[in-house]
Amino acid sequence: MSDTTTRPMRTIYLYTRYERFWHWFQALLILLLLVTGFEVHGSISLFGFERAVNIHNFLGLTWLIAFAFFVFWVFTTGEWKQYVPTSKKMVEVVAYYAYGIFSGQPHPCPKRHDAKHNPLQRMTYLSLAAVLLPFQMVTGLLYYLYNSWTDMGITGLSLGVVAMAHLLGAFAILIFLIVHVYMTTTGHTIFAHVKAMFTGREEVEEACDVADWEKKNPA
Amino acid sequence: MRQGTRSWLFVAVLAGAAALMAFGPVGASGPAEAEDDKAPGRKLAQNAVKAPGGRWTTVDHSKLEALQKDFTSPEDVTAACLSCHTQAADQIHHTIHWTWLCDNCGGGAEMGKNGKTINNFCIAVPSNEPRCTSCHIGYGWKDKNFDFSANNKIDCLVCHDTTHTYEKYPAGAGNPVKEPTVFPESGKTYLPPDYKKIVAKVGKPDRVNCGTCHFYGGGGDAVKHGDLDSSMTMPKKTLDVHMDAEGLNFTCQRCHTTKDHQIAGRLYTTPAAPDRISLTEADLASKIACESCHSATPHKTDVKSNDHTDKVACQSCHIPHFARIIPTKMSWDWSTAGQMNAEGKPFKKDGPLGKPSYDTKKGDFVWEKNVEPEYRWFNGAMSHKLVTDVVDPSKVVPLNQPVGSPDDPKSRIMPFKVHRGKQPYDSVANTMVIPKLFGGKDSDAYWAKFDWKKAITAGMAYVDLPFSGDFGFLTTEYYYPTTHMVAPREQAVPCAECHSRDGRMKGVPGVYIPGRDVHATVTDLGFGASALALLGVAGHGFIRFVSRKKREKK
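Residue numbers (my numbering), protein chains in the order written: chain A, 1 to 219; chain B, 220 to 773.
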């Protein structure tokens with residue numbers, strides 16, 4: 001929706017095949033986990049309680065295993081560097097989404113292959129991948145292993161508390177999902193970002209360059 | 220595209236792992252279960268009794284000399300039995316089937332029908348003996364002077380008659396009739412037993428023998444327990460998987476294992492089994508609990524169900540409803556008894572389900588069929604009120620109650636039939652009372668004069684307890700653990716019937732149940748915040764749209 005038509009664009013390869021697979025695979029898992037989780041919680045009814053529980057448990061364990069591959073990928077490829085938080089240009093990015101976007105200003109941090117995330121994204125995705133999702137996996141696994149707590153030496157914990165924590169995590173993820181899906185529409189066309197997550201290629205503005213600090217491997 | 224090649228490998232591994240998890244456990248079921256039914260021990264045992272001459276016993280009673288005579292009284296039969304079974308009388312004298320008292324149940328050895336416990340059916344035995352003791356395993360307990368040390372007063376036949384022709388007269392203090400007699404209440408004619416024919420075929424009790432009393436508790440079929448009635452005599456598998464007459468065909472003693480005439484089972488405050496052990500841990504333990512045979516992890520393929528056995532009794536899921544065939548009495552209001560019809564005579568009124576809804580002698584009834592149990596924490600013991608206990612008439616008085624709590628590792632959530640009622644109490648002393656209900660036309664019995672004050676005075680005097688002379692009616696509850704009528708696995712209670720806000724587990728304290736306990740405030744706040752987020756992004760998008768249109772115009 002931004003007025004980018006006047007600016008020269010170029011296409012860059014932004015997301016590798018694994019990255020794209022991981023994104024959509026995790027998206028599907030999270031979506032189904034939310035749906036089945038809220039069914040187990042009694043908020044909706046779709047599959048029936050028993051099937052919802054079975055699906056939820058299966059997907060939860062699948063996610064846990066798949067997430068281990070993601071962690072492996074993020075460290076072996078050095079992609080973790082794209083998640084290091086920074087305060088630089090944070091104000092500009094926030095200002096852009098708060099009002100700059102309405103007057104058609106350019107994004108202060110255009111995407112580059114080695115600088116995929118703007119400061120706001122870095123903070124969000126780091127919180128997500130390093131805090132919220134692991135929190136949800138840990139509380140979910142505890143919930144799943146409830147009957148083995150005694151064998152595992154876990155005392156002084158109640159299922160009610162674990163369930164409450166898991167529920168809070170679920171709402172945090174749901175809210176992230178809502179905002180995240182909306183943010184995909186803020187590219188130069190409504191579906192530009194979504195398309196990029198399928199093809200791996202995104203059109204970015206030709207002219208402006210990213211600063212050295214923004215890059216994964218600064219010169 | 221090097222990254223691409225590498226990521227395909229990840230995909231393949233992931234897909235493999237996912238497939239293993241999805242189909243691994245499922246593929247393992249099926250054939251294993253069919254193998255189970257070919258348990259070699261069971262097959263051998265069945266073959267042994269099917270073989271020519273194959274029997275479980277080494278005695279043919281029709282050939283015993285002591286039994287080759289024409290018995291004139293049931294006491295003569297007992298004497299003949301005891302002439303060989305020398306220890307039987309002593310054994311019987313030490314059973315609760317004989318004493319109707321539990322020595323080890325606390326309450327000053329007053330726990331029992333022959334003591335000071337009361338219920339909310341016909342309330343109590345004392346002063347009503349001839350009627351109630353038709354279910355005693357003895358002859359002639361017609362009042363409190365019955366001799367509990369008499370050997371020949373033991374009724375061997377009511378339990379050991381395998382011809383199922385032996386009958387005790389319903390109001391005969393445990394005696395069978397000597398000549399054909401009509402029981403006025405039912406119009407049924409009772410015939411003198413053919414003792415010679417019966418003693419020739421005595422044997423181990425089957426469901427009919429136990430059911431003679433235990434299916435008819437409360438004076439009629441299915442009145443009391445809800446999970447024990449005449450439909451259990453020859454049940455189909457859908458009614459009870461163990462007693463299934465065409466299948467496993469369990470007798471009562473298969474679970475209520477019996478030694479020296481002592482039959483395993485709960486006695487008032489004493490749990491049926493002190494510990495939850497299986498036969499693999501102690502092969503001579505009684506088989507009274509489900510876990511005795513099935514262990515604490517009985518579900519082969521469904522791990523989640525096994526995760527429930529620390530909190531939920533097997534019965535809670537496997538007995539979805541009780542009284543599935545014959546309606547059971549759910550409520551009995553004595554306070555409305557005594558109304559007469561237009562001719563000034565006692566009357567009965569037929570209600571739904573083909574059962575009476577009113578009887579002048581007894582008051583109002585509610586019967587129900589296929590009833591969903593109520594659930595309570597239960598460690599196997601019941602607490603019982605004695606008639607002498609002071610009660611609070613403004614509250615519902617539980618005459619007995621399951622003992623247990625969520626913090627007690629021996630407690631499980633157990634299904635119960637709760638029989639509710641209204642019955643008389645001493646409104647000055649605030650104690651329960653024993654009314655004399657049954658008696659001759661000239662007695663003070665309620666069923667003779669329909670005068671509560673006279674009936675209570677007579678009943679309380681009989682047990683040497685004080686009565687102020689003033690009475691009222693209060694609301695009571697009586698609990699029966701639901702443990703028979705185990706349904707086939709396909710009919711087990713579906714998860715969602717407990718895992719829901721207003722489901723079967725409503726009100727069961729001390730346990731977090733997913734789907735029931737929803738942290739309502741957190742849930743509301745969470746969905747509220749999600750709605751705000753949705754509203755926020757919608758607003759943001761709208762402003763983007765409007766501002767873009769404006770810019771395009773320029």
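Heads up, some of the hints might be wrong.
Claimed, not checked - Here are some of the chain B residues that sit facing chain A, going by a computed Cβ distance under 7 Å:
id, residue
1, Leu-320
2, Asp-526
3, Ala-715
4, His-718
5, Arg-720
6, Pro-733
7, Ala-739
8, Thr-740
9, Gly-745
10, Val-756
11, Phe-761
12, Ile-762
13, Ser-766
By construction, these hints were calculated from the structure, which means they are not laboratory data.
Using N, Cα and C, we set each Cβ at its ideal position, and we do this for glycine too.
For each hint, the structure was consulted:
1. Leu-320: With a minimum Cβ separation of about 41 Å from chain A (threshold 7 Å), the hint on Leu-320 (chain B) is violated.
2. Asp-526: holds (4 Å)
3. Ala-715: holds (4 Å)
4. His-718: Holds, about 5 Å.
5. Arg-720: Hint holds; Arg-720 (chain B) Cβ to chain A Cβ min 6 Å, cut 7 Å.
6. Pro-733: holds (5 Å)
7. Ala-739: violated (10 Å)
8. Thr-740: violated (10 Å)
9. Gly-745: holds (3 Å)
10. Val-756: Status holds, d = 4 Å.
11. Phe-761: With Cβ-Cβ at 11 Å, over 7 Å, it is violated.
12. Ile-762: With Cβ-Cβ at 6 Å, under 7 Å, it holds.
13. Ser-766: Ser-766 (chain B) check passes; min Cβ-Cβ to chain A is 4 Å, inside 7 Å.
Consistency note: the structure conflicts with the earlier hints numbered 1, 7, 8 and 11.
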